[in-house]
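Undergrad: If you're matching them up, the sequences are chains A and B in order. Numbering-wise, our numbering comes out as the position in the first sequence, counting from 1, plus 673. Numbering-wise, our numbering comes out as the position in the second sequence, counting from 1, plus 1.
Rather than coming from a laboratory, the hints here were simulated on the basis of the structure. Please note that a few of the clues may not be correct.
Said to hold, decoys possible - So the derived label-pair ranges between C-beta atoms look like this: (1) B/E190 - A/A734: 25 to 31 Å; (2) A/G925 - B/A14: 44 to 50 Å; (3) B/G211 - A/G925: 18 to 24 Å.
To be verified - Here are the simulated lysine-lysine pairs, PhoX-like style, with alpha carbons at most 25 Å apart: (4) A/K939 - B/K310; (5) B/K316 - A/K939; (6) B/K215 - B/K310; (7) B/K215 - B/K286; (8) B/K145 - B/K215; (9) B/K199 - A/K939; (10) B/K310 - A/K920; (11) A/K920 - B/K154; (12) B/K286 - B/K306; (13) A/K790 - A/K835; (14) B/K215 - A/K939; (15) B/K199 - B/K154; (16) A/K920 - B/K286; (17) A/K939 - A/K920; (18) B/K286 - B/K310.
Stated by the list, open to error - Residues on chain B that point at chain A, a partial pick, calculated with CB under 10 Å: (19) R96; (20) T135; (21) P243; (22) A268.
By construction, the Cβ of each residue, glycine as well, lies at the ideal position given by its N, Cα and C atoms.
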Amino acid sequence: MGPLSHTGSAMKIAVCVKQIPDPNTPYALDPVTHFVERPQDQVLDDTDRYGVEVALQLAEATGGTVTLVSMCPAGNLQGIRQALAMGANRAVIVNDPALRGSGALVTAKVLAAVLRKEEPDLVITGTESTDGYTGVVPQQVAELLGLPSLTFARKVTQADGKIRIERLTANGYEVVESALPALLSVTSGVVEPRYPTFKGIMAAKTKPVEQPTAADLGFDPGQVGPAGSAQEIVGVRAAPERGAGRKVVDEGEAHLEIVRLLEQVKVI
Amino acid sequence: MQTWVFAEEIEGAPASLALEMLSKARTFGGDLAAVYLGAGSESAFATLGAHGATRVFHLVPGATLPTAAAAAALAGLVEAHQPDLLLFGVTFTDRDVAGRLSARLDRPVLASIVEIIIDGDAVQVVSEILGGTTLIDTAYRGPKPWIGIVRPKSFAAEAGAPSAPEVIPVALPDAGHAGEAAVLERHVEVSEGPDLEKAAIVVTAGRGVGGSEKMASLNELAGLLGAALGGTRAVVDAGWLPYNTQVGQTGKTVRPNVYIAAGVSGAMQHLVGMKDSGTIIAVNKDEEAPIFRVADLGIVGDLHKVLPKLVEELKARR
Numbered sequence: 674m675g676p677l678s679h680t681g682s683a684m685k686i687a688v689c690v691k692q693i694p695d696p697n698t699p700y701a702l703d704p705v706t707h708f709v710e711r712p713q714d715q716v717l718d719d720t721d722r723y724g725v726e727v728a729l730q731l732a733e734a735t736g737g738t739v740t741l742v743s744m745c746p747a748g749n750l751q752g753i754r755q756a757l758a759m760g761a762n763r764a765v766i767v768n769d770p771a772l773r774g775s776g777a778l779v780t781a782k783v784l785a786a787v788l789r790k791e792e793p794d795l796v797i798t799g800t801e802s803t804d805g806y807t808g809v810v811p812q813q814v815a816e817l818l819g820l821p822s823l824t825f826a827r828k829v830t831q832a833d834g835k836i837r838i839e840r841l842t843a844n845g846y847e848v849v850e851s852a853l854p855a856l857l858s859v860t861s862g863v864v865e866p867r868y869p870t871f872k873g874i875m876a877a878k879t880k881p882v883e884q885p886t887a888a889d890l891g892f893d894p895g896q897v898g899p900a901g902s903a904q905e906i907v908g909v910r911a912a913p914e915r916g917a918g919r920k921v922v923d924e925g926e927a928h929l930e931i932v933r934l935l936e937q938v939k940v941i
Numbered sequence: 002m003q004t005w006v007f008a009e010e011i012e013g014a015p016a017s018l019a020l021e022m023l024s025k026a027r028t029f030g031g032d033l034a035a036v037y038l039g040a041g042s043e044s045a046f047a048t049l050g051a052h053g054a055t056r057v058f059h060l061v062p063g064a065t066l067p068t069a070a071a072a073a074a075l076a077g078l079v080e081a082h083q084p085d086l087l088l089f090g091v092t093f094t095d096r097d098v099a100g101r102l103s104a105r106l107d108r109p110v111l112a113s114i115v116e117i118i119i120d121g122d123a124v125q126v127v128s129e130i131l132g133g134t135t136l137i138d139t140a141y142r143g144p145k146p147w148i149g150i151v152r153p154k155s156f157a158a159e160a161g162a163p164s165a166p167e168v169i170p171v172a173l174p175d176a177g178h179a180g181e182a183a184v185l186e187r188h189v190e191v192s193e194g195p196d197l198e199k200a201a202i203v204v205t206a207g208r209g210v211g212g213s214e215k216m217a218s219l220n221e222l223a224g225l226l227g228a229a230l231g232g233t234r235a236v237v238d239a240g241w242l243p244y245n246t247q248v249g250q251t252g253k254t255v256r257p258n259v260y261i262a263a264g265v266s267g268a269m270q271h272l273v274g275m276k277d278s279g280t281i282i283a284v285n286k287d288e289e290a291p292i293f294r295v296a297d298l299g300i301v302g303d304l305h306k307v308l309p310k311l312v313e314e315l316k317a318r319r
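For reference, chain A alone in the conformation it holds in the complex (with noise of 0.2 Å):
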């Protein structure tokens, strides 16, 4: 698969999301499979608001625009309504039941499925999905797409169908300038995302929502799911937990309790 091509000033840009279980519920594991269990009510994963804003941001300078990829159950779509209301154009949900059980590879090959029909000039990800673990679907995009992945940007330009951005590093960070077509993973801190206006929230209620099966674009059942992603959960259980030690409400005196406590471990 070669590079997507890039044509005309007008960026088609795709931007891909993820909703999640809201974490401010605990999540459950399924006992059986070790799945995260997927309630109908979810969320757009906060860290994607910052993507999507980058791609309305880029689709405003050039007159382009954006649609959302996702490979998620569907539920009632809330968290994608979430980022249609910021101002996508419309979204393409890879929704199969067949895909439960995922590894990041396939995740990624399904993402990959959807972006070689969109080919889009740019593809934006976030660097790494709240629920998640494994922080690598978007270089793996990148390379089953032949892209150049610009990974944690901290700062975003274009100019003359090149993008640039500033990369974090070990000890700071990089200048890194591509050629469209590219992909860009953004950290949180790269803009300030929007809120949904009114009109937006309205506007996304009707917005065109695909949702192809894994079938649909070209996969056995043998290659998705636990079956395609050569890796096995054979257990799963709660880490030990550290124990809360002592609570104290200041009223005027408890900087005295630190001071013992650094006492007692002798760092004073």
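Put chain B on the given structure of chain A with help from the hints.
TA: Using the frame of chain A, we list chain B on its own:
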């Protein structure tokens, strides 16, 4: 078991996380190599050797972002040498290379690894998920090599006797359009004070501090205790502290003797980066803040009242 450990060069030396992974992989008892991405030097290679690498595949980056080309080079090396297990760290460049390599080789990646169990030819890993509240045991299936991404400070870096590994230079291949992103500038952001990842005491600012102009008592406290200053995601995103001071999932993992969290709510992504600290002290106005669930001493109160008094008390004792 033939294990390869990816090692990015940071300021002329292998990343400390790479040395931690090498030290662990040395206990597997098989063949151990490092894949080094950086300018390289005798002392860097010697450090890798002292931590167990008998061979070093040396990749030298050019003027472009090297991640796509490094993945392509690794794919070629894998085909030629057939390693069983490839270990990377939870760092920016490691994640980029591991992800791209996994897609190129069509092999799974398991991430957030805190323990690796080798049983004959099988490999099983323990990963932290949901902010470190849950541990998940996963076994690799299907063809090798298997790729893992390891959390910092899961293993101790232990140098053995000095040894000079065999160094094999590897040219970075042309990765086409994917490899053409240009690196125009490199900036090192220097933090004052002790190294966050090595400091015995860490003082961390959360959103509750309220602004970059309100950091004075935290700075003073850190100075008095010889502590490193850290920040939550909200604080570095807001620009109150530089990004390289971030503690948590995307930032640094710290394990100091004493961790003082000021105005930190304790989101899952933060807890995973500090929950293994020795003694945890938290000051927060919100008595329901999740940070109190891991704090040995939790002060429910205004940090702008508690910390200045603490600073005065510590000064008085000098």
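Undergrad: Are the hints correct? Go through all of them and say.
TA: Hint-by-hint comparison with the structure:
1. Checking the proposed 25 to 31 Å range against B/E190 and A/A734 shows it holds: the Cβ atoms sit about 28 Å from each other.
2. At roughly 48 Å, the beta carbons of A/G925 and B/A14 sit within the given window of 44 to 50 Å.
3. Checked against the hint of 18 to 24 Å, the pair B/G211 and A/G925 passes, with Cβ atoms roughly 20 Å apart.
4. Between A/K939 and B/K310 the alpha-carbon distance is near 20 Å, which keeps this suggested pair within the 25 Å criterion.
5. Between B/K316 and A/K939, the direct Cα distance comes to roughly 16 Å. Compliance with the 25 Å bound is thereby established for this hinted pair.
6. With a C-alpha separation of about 15 Å, the suggested pair B/K215 and B/K310 falls inside the 25 Å cut-off, and the hint holds.
7. Note on B/K215 and B/K286: the hinted pairing holds, with a Cα-Cα distance of about 16 Å set against a maximum of 25 Å.
8. For a cut-off of 25 Å, the pair hint linking B/K145 to B/K215 is broken: about 53 Å separates their Cα positions.
9. The suggested pairing of B/K199 with A/K939 holds, with an alpha-carbon distance near 18 Å, which does not exceed 25 Å.
10. A hinted pair counts as satisfied when its Cα atoms are at most 25 Å apart, and B/K310 with A/K920 qualifies at roughly 18 Å.
11. Our distance criterion of 25 Å between C-alpha atoms is broken by A/K920 and B/K154, whose separation comes to about 29 Å.
12. Only pairs whose Cα atoms come within 25 Å are accepted, and B/K286 paired with B/K306 is accepted, the gap being roughly 11 Å.
13. Distance restraint check for A/K790 and A/K835: the Cα-Cα separation of roughly 22 Å lies within the 25 Å cut-off, and the hinted pair is therefore satisfied.
14. Distance hint between B/K215 and A/K939 is unfulfilled; the C-alpha atoms sit about 28 Å from each other, more than 25 Å.
15. At roughly 11 Å between alpha-carbon atoms, B/K199 and B/K154 fall within 25 Å of each other, so this suggested pair holds.
16. Distance restraint check for A/K920 and B/K286: the Cα-Cα separation of roughly 12 Å lies within the 25 Å cut-off, and the hinted pair is therefore satisfied.
17. At most 25 Å may separate the alpha-carbon atoms for a hinted pair to count; A/K939 and A/K920 meet this at roughly 21 Å.
18. Distance hint between B/K286 and B/K310 is fulfilled; the C-alpha atoms sit about 16 Å from each other, no more than 25 Å.
19. Because the beta carbon of B/R96 sits about 6 Å from the nearest beta carbon in chain A, less than 10 Å, this interface hint is met.
20. At a threshold of 10 Å, the smallest CB-CB gap from B/T135 to chain A is about 6 Å, leaving the interface hint in force.
21. With a least beta-carbon distance of about 8 Å to chain A, the hint placing B/P243 at the interface is held under the 10 Å criterion.
22. A distance limit of 10 Å between C-beta atoms decides the matter here; for B/A268 the minimum to chain A is near 8 Å, and the interface restraint holds.
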